[in-house]
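Participant: Sequence:
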Amino acid sequence: MTDKQNLLDPIHPGEILLEDFMKPMGISINQLARDIVVPPGRISGIVNGKRAITADTALRLGKYFNVSPEIWISLQADYDLRVAQRTTWPEIEKRIHSRVA
Numbered sequence: 001m002t003d004k005q006n007l008l009d010p011i012h013p014g015e016i017l018l019e020d021f022m023k024p025m026g027i028s029i030n031q032l033a034r035d036i037v038v039p040p041g042r043i044s045g046i047v048n049g050k051r052a053i054t055a056d057t058a059l060r061l062g063k064y065f066n067v068s069p070e071i072w073i074s075l076q077a078d079y080d081l082r083v084a085q086r087t088t089w090p091e092i093e094k095r096i097h098s099r100v101a
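The sequence shown begins at 1 in the numbering used here and counts up by one.
Just so you know, the hints here were simulated from the structure itself, not pulled from any lab data. Where is the CB? At the ideal position from N, CA and C, for every residue including glycine. Be careful, since some hints might not be right.
Mimicking EDC-like on lysine to aspartate or glutamate, the simulated pairs with C-alpha atoms at most 20 Å apart in a straight line are [said to hold, decoys possible]:
| hint | residue 1 | residue 2 |
| --- | --- | --- |
| 1 | K50 | E19 |
| 2 | K63 | D80 |
| 3 | K50 | E15 |
| 4 | K63 | E19 |
| 5 | K50 | D9 |
| 6 | K23 | D35 |
| 7 | K50 | D80 |
| 8 | K63 | E15 |
| 9 | K50 | D78 |
| 10 | K63 | D20 |
| 11 | K50 | D20 |
For each label pair, taking beta carbons as the anchor points, the in silico distance ranges come out as [said to hold, decoys possible]:
| hint | residue 1 | residue 2 | range |
| --- | --- | --- | --- |
| 12 | K94 | V37 | 42 to 48 Å |
| 13 | K50 | L8 | 16 to 22 Å |
| 14 | P39 | I96 | 36 to 42 Å |
When you get a sec, could you build the whole thing from the sequences and use the hints?
Facilitator: What follows is the structure in structure tokens.
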């Protein structure tokens, strides 16, 4: 784990959804929720960084925005890993010793 990886705060995929897709296209939370047939609370939670993008939501967003669902899954996985690196890595590094096969 390098210090460079900890310089920037991880970007939640909801921020990318909001800033790079919804705002430029003039799409509200309610409109997106209606259009991809999910509860508005799901979209609100995602764009507010309180909820993860699930595989189901990734499929829906991928179809709606004509992008690969893997993009959304990758963004979420990267975010989750960076958060875990910040929160649990020091303890893992301290308590778990590497073994070489």
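Participant: Does each hint hold? Answer for all of them.
Facilitator: Against the structure, the hints:
{"no.": "1", "hint": "K50 - E19", "result": "holds (16 Å)"}
{"no.": "2", "hint": "K63 - D80", "result": "violated (23 Å)"}
{"no.": "3", "hint": "K50 - E15", "result": "holds (11 Å)"}
{"no.": "4", "hint": "K63 - E19", "result": "holds (18 Å)"}
{"no.": "5", "hint": "K50 - D9", "result": "holds (15 Å)"}
{"no.": "6", "hint": "K23 - D35", "result": "holds (15 Å)"}
{"no.": "7", "hint": "K50 - D80", "result": "holds (12 Å)"}
{"no.": "8", "hint": "K63 - E15", "result": "holds (19 Å)"}
{"no.": "9", "hint": "K50 - D78", "result": "holds (16 Å)"}
{"no.": "10", "hint": "K63 - D20", "result": "holds (16 Å)"}
{"no.": "11", "hint": "K50 - D20", "result": "holds (18 Å)"}
{"no.": "12", "hint": "K94 - V37: 42 to 48 Å", "result": "holds (46 Å)"}
{"no.": "13", "hint": "K50 - L8: 16 to 22 Å", "result": "holds (20 Å)"}
{"no.": "14", "hint": "P39 - I96: 36 to 42 Å", "result": "holds (40 Å)"}
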